[in-house]
Every structure is written in C-alpha cells, then in structure tokens.
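Residue 121 in full-length UniProt numbering is what sits at position 121 of the sequence shown, and the numbering runs on without skipping anything.
One or more of the hints may lead you astray.
What the hints assert, rightly or not - Here are the computed lysine to aspartate or glutamate pairs in the EDC-like style, where the Cα-Cα straight-line distance is at most 20 angstroms:
no.	residue 1	residue 2
1	K94	D66
2	K87	D153
3	K87	E73
4	K98	D153
5	K101	D153
6	K101	D134
7	K148	E106
To be verified - So the derived label-pair ranges between C-beta atoms look like this:
no.	residue 1	residue 2	range
8	T141	A6	38 to 46 angstroms
9	G55	T141	38 to 46 angstroms
10	S20	V108	17 to 25 angstroms
11	T97	R54	24 to 32 angstroms
12	M1	K25	20 to 28 angstroms
Read the hints as simulated data drawn from the structure, not as lab findings.
Where a beta carbon is used, it is the ideal one built from N, C-alpha and C, also for glycine.
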Amino acid sequence: MKLADAKIKYIHTWGSLATSWGINKTMAQVHALLLVSTKPLSAEDIMEALQISRGNVNMNVRALIDWGIVRKEFVVGERKEFFVADKDIWELFKQITKERKKREIEPVLKVLEELQQVDETSDEANEFKQVLDDLSKVTTTVNGILDKAIKADEHWLLSNFTNIIKK
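Sequences are here, hints too, so could you generate the full structure?
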C-alpha cells in the first residue's frame, strides 16, 4: 500500500470510529489529517484534503483547539493561519482523557450528589438513593482512575494495566 493511500484510509477509518465514541466524524478526520501531516496545514489545505467547506473546517479546528489537541502555528511569510496537532500520542491520550473527564464525568458526579438530597424516607426513596449511591461510587472510582491516568507517565500506567489484565 502506498503512503498516500494508507493516510487516506487512516483518516477515513479514524472518522468512522470516532462516531462510536460520540465524536463528530469530520472533527476526527480533521484531527487525523493534522496528526499525519508533516507540516502545518491551513484551512484551505484541510478543505482540499477532506473536501469540506471552510465553515466546517473552522468549526472543527476551533473545537480541536478547545480540546487542547490542536494549536495554531505561525509560518514565516504567510498571512494565513496554520494548524498542527500534538504528535505525542501519550500526551494526546492524557489531554483527551482530561477533557472527557471534565465534560462528562464531573457533571455526572455533580448531578448525582444533587439528586441524593431526596428528603423522603419511603422504601422507594431509599431504593432510589441506593441506586444513586452505587452510581456515585462507580463514577467516583472511574474519576479517580482517570485522574491517575492523566498524572501518570506512560510506563507506569501500562505496567499497572498489564498487571490488572494478568490477574
């Protein structure tokens, strides 16, 4: 397989997989393109490579910048904005984990805490509180694991993960 064909297949596959994770397909394809590019790309470069509109490029690049996984890069002699993706896959994993934790796990914990303030004592209310308490414990555990993953170095996490799998 030629490199150009492999890159195209990677970009399309990454976009398709991303929808399973709740990520916009185009956003994932823009990120994949930037990840495998050897030089900073302009909005026009991205438009041409992915055959998408300028608005779609701008919206998705801004979202990737908000996630902290793409940044603007100055190119001498150019007036256009150029973009690059962080190529350190471990740092990418940690940044995405940090953002998903902030956007998904922490709001759930806050709502669960709020919902546990039911002041009734009926059997139904007690069962409701128990379910919420169990959900809260699991979510808190996941939150703690994600905190450790974000702070860990690659070798520590992989060795601990391998130990868990062996058991």
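State the violated hints by number, sorted upward, taking the hints as numbered earlier in the document.
-> Hint check: nothing fails, all pass.
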